[in-house]
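Trainee: All chains should be built: construct the whole structure from the sequences, respecting the hints.
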Amino acid sequence: FRFKDSLAEDLRRADLVISHAGAGSCLEALEKGKPLVVVINEKLMNNHQLELAKRLHRDGHVVCCNCSTLVETLQSMDLSTLKPFPPGQPEKFALFLDKVVGFQ
Amino acid sequence: TGGHTTEILRLLSCLSESYSPRHYIFADSDKMSEAKIRSFEQKRAETFSNSQFTLDRIPRSREVRQSWTSSVVTTLYSILYALPLTYRLKPDLILCNGPGTCVPVCISALLLGLLGIKRAIIVYVESICRVETLSLSGKILYYFSDYFIVQWPDLKEKYPKSVYLGRIV
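Residue numbers (UniProt numbering), protein chains in the order written: chain A, 1 to 104; chain B, 1 to 169.
In short, the hints are calculated from the structure, not lab data.
Do not rely on the hints blindly, as some may be mistaken.
Far from chain B by the CB rule (all over 10 Å, computed), these chain A residues [as the list claims (entries may be wrong)]: (1) L7; (2) E9; (3) L11; (4) S19; (5) P35; (6) E42; (7) K43; (8) H61; (9) C64; (10) C65; (11) V71; (12) S76; (13) M77; (14) F93; (15) D98.
Calculated lysine-lysine pairs in the DSBU-like style (CA-CA distance at most 35 Å, straight line) [said to hold, decoys possible]: (16) K43(A) x K99(A); (17) K36(B) x K158(B); (18) K90(B) x K83(A); (19) K4(A) x K32(A); (20) K118(B) x K54(A); (21) K118(B) x K156(B); (22) K83(A) x K36(B); (23) K118(B) x K92(A); (24) K158(B) x K90(B); (25) K31(B) x K118(B); (26) K158(B) x K43(B); (27) K139(B) x K99(A); (28) K34(A) x K139(B); (29) K4(A) x K31(B); (30) K99(A) x K156(B); (31) K43(B) x K4(A); (32) K156(B) x K34(A); (33) K54(A) x K156(B); (34) K139(B) x K158(B); (35) K36(B) x K139(B); (36) K34(A) x K158(B); (37) K156(B) x K83(A); (38) K32(A) x K54(A); (39) K99(A) x K32(A); (40) K32(A) x K43(A).
Each residue gets a CB set at the ideal place from its N, CA and C atoms; glycine is no exception.
Mentor: Structure (structure tokens):
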């Protein structure tokens, strides 16, 4: 498919997600608790876009590979080692902001 | 734009009714943010009866990887739009999270503050994508915002005046 408004439904039904290293894509999959394989294409990506993918990989939340190692990775990966990625907490921001502006 | 809008709407998700009216400012070239914002506000109106919001567009300050010198020109052009808009809205609080659009708005707010017309509190939240380095908007606004929030500990170390609350989106 070309451009859907939302991949939420597809994500919900998926058992495994293979994605590029875009932050939105990664975070959407992780939040739904799906095992995620991130394919990094160094030629296409800005350096900064890799920061999140690298960090997620370092912290054990995703499997990483590049285009040429994808097949081999899919064959040999162990998804059970992936750590869950807890959701962010906007409540903390709300509490902080309330103090800043004086609503307490 | 895109990811920034999604992030900022998440930041807004737990704010109380007191944060009203909400004025959204985004780039004229942005096709998707309006729909996301309307959808968010519609949902919000189901819980909070007094939901007021407005939408305004200003020229996009900078394209991805646009050169330095031309960025200054396009940003100045955006300020020509942002300044009367900010003057009209006279916000008490400006919340931004990194798209180029936030720079002209914040500069306008700072100018209005310097001129004694309206002093806004500027809160900047760097994107969750920024783990080790700041965005260009972040590098600028680190010095001009009242509160600068980062979402990863490495950034807190590099930018000690920043606030670290953990991941908030």
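Trainee: Against the 35 Å threshold, does the CA-CA distance of K54(A) and K156(B) hold or violate the hint?
Mentor: 18 Å, holds
Trainee: Does K118(B) lie within 35 Å of K31(B) when you go C-alpha to C-alpha?
Mentor: 31 Å, holds
Trainee: Hey, K43(A) versus K99(A), does the alpha-carbon distance stay inside 35 Å?
Mentor: Since the Cα atoms of K43(A) and K99(A) sit roughly 44 Å apart, the hinted pair is violated (cutoff 35 Å).
Trainee: Given the hinted pair K118(B) and K156(B), is their Cα-Cα distance within 35 Å?
Mentor: Roughly 30 Å between the alpha carbons, so the hint for K118(B) and K156(B) holds.
Trainee: Taking the closest pair, is the beta carbon of C65(A) still more than 10 Å from chain B?
Mentor: 20 Å, holds
Trainee: Check the hint pairing K90(B) with K83(A) against an upper bound of 35 Å on the C-alpha distance.
Mentor: 46 Å, violated
Trainee: Does the alpha-carbon distance linking K158(B) and K90(B) stay inside the 35 Å limit?
Mentor: 33 Å, holds
Trainee: Decide, holds or violated, for the assertion that all CB atoms of chain B are farther than 10 Å from the CB of F93(A).
Mentor: Label violated. Min Cβ-Cβ 4 Å, cutoff 10 Å.
Trainee: Check the hint pairing K43(B) with K4(A) against an upper bound of 35 Å on the C-alpha distance.
Mentor: Answer holds: K43(B) to K4(A) is near 21 Å, not above 35 Å.
Trainee: If I take the minimum Cβ distance from E9(A) to any residue of chain B, is it greater than 10 Å?
Mentor: 16 Å, holds
Trainee: If you draw a straight line from the CA of K118(B) to the CA of K92(A), is it 35 Å or shorter?
Mentor: 28 Å, holds
Trainee: If I take the minimum Cβ distance from S19(A) to any residue of chain B, is it greater than 10 Å?
Mentor: Answer for S19(A): holds, closest chain B Cβ roughly 14 Å.
Hints 14, 15, 16, 18, 20, 26 from the earlier list are contradicted by this structure; the remaining hints agree with it.
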